[in-house]
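Engineer: Taken in order, these protein sequences are the chains called V and Y.
To get the numbering used here, take the position in the first sequence, counting from 1, and add 1220.
To get the numbering used here, take the position in the second sequence, counting from 1, and add 4.
None of these hints come from the bench; they were simulated from the model.
Hints are not guaranteed to be accurate.
[To be verified] Below, simulated BS3-like cross-link-like pairs (lysine-lysine); rule was C-alpha separation at most 27 Å, straight line:
| # | chain 1 | residue 1 | chain 2 | residue 2 |
| --- | --- | --- | --- | --- |
| 1 | V | 1234 | Y | 159 |
| 2 | V | 1276 | Y | 159 |
| 3 | Y | 85 | Y | 207 |
| 4 | Y | 17 | V | 1276 |
Just so you know, these numbers come straight off a predicted model, no measurement behind them.
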Amino acid sequence: MLAIIERALGAPRKLSRVTVSIGPLSGVSPDSLSFCFAPIAIEAGFGSPELVFRRKGIMVECASCGGVEEMVEPGAQCSSCGSRDRSILSGMECTVESVEIEDREEAGR
Amino acid sequence: MSGGPSRRVSIEKPVMTRNDEVAAANRSMFLDSGLFAINVIGSPGAGKTSLLEALANRFARDLAVIEGDVRTRRDADRVEKAGSPAWQIETGGACHLDAAMVRRAWMDFRETARGSRYLVIENVGNLICPSSYDLGEDVKAALVSLPEGDDKVLKYPALFSRIDVLLIGKMDLLNHLDADPDRLESECRSLRPGVTVFRISSKTGLGLPEFCDFIIRGREAKFRA
């Protein structure tokens, strides 16, 4: 994750915040990611940014009625027509959305 | 932590970007090597290696196998004994394979496996962590055996919403268990409507000719052009 940020910024920068959007089907545990992220961010020269998670839902499209809605429980049926034949549109993602670079570092440049 | 305004920079990249880049490189490497690759994921004891022994009996040197385990090369030894070249990755503790591990393994293994048409990667026994890591495979398959219970699909939705193939294993035990393969199949279809399902027994051979045909046809479709 820090490598992606470093690639986008060109070099490690002191960050105040990192925002990650995360879906329930991403297979990524926010707690585990936070636990690992903090010490590695310091060591890699990114400071101690706040890691903020924006939790997304599982959005599905029903093959029978075409309805799009959030699937609250995995495997649940369509609330409109009762079908379980639904394609997952989103909810698998875990994306670094943005970072905020510390103002003091900005001023020093 | 900052006390004043800071500059926001948009990134919009998946956390798994680096793994996905190596997986894409693996995918083109397997294409160049004439391989159809399958990533098999399942719990410890689900019967992954028994399935591979059965596939090795059928495909012999047309099949190459990369085995993932925390320790020992027991699985690679079993597959080699059954007739196919095998390479063991010992993760030393990691609970899944990633694309870079598979890449390094294939670099070391490819001379031994030269001429193979099918590559099966047996992931570390786990229904959670392997689901997030693309290895560069053509097909992601999950093996769930009946003794594990028929309630497993919705407990591990990250895996079962991503798979191309569901293998329901140890079907020879059907009459001795309460587990219902129809429930496994229907719950998997509720997460992954297009999933291809095989009910198999590596012990009796049930369903294996059909799964082998699927593998053969998959490779034919991949290289038909």
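Engineer: Given the hint that residue 85(Y) pairs with residue 207(Y), does the C-alpha gap stay at or below 27 Å?
Structural biologist: At roughly 17 Å apart (the allowed maximum being 27 Å), residue 207(Y) and residue 85(Y) satisfy the hint.
Engineer: Would the pair residue 1276(V) and residue 159(Y) pass a check requiring their Cα atoms to be no farther apart than 27 Å?
Structural biologist: OK: residue 1276(V) and residue 159(Y) at ~19 Å, within 27 Å.
Engineer: With a cut-off of 27 Å on the C-alpha distance, tell me whether residue 1234(V) and residue 159(Y) pass.
Structural biologist: Distance of about 39 Å is beyond 27 Å: violated.
Engineer: With the threshold set at 27 Å, check whether the alpha-carbon distance from residue 17(Y) to residue 1276(V) stays at or below it.
Structural biologist: holds, 16 Å
In summary, the structure is inconsistent with hint 1 from the numbered list given earlier, while agreeing with all the others.
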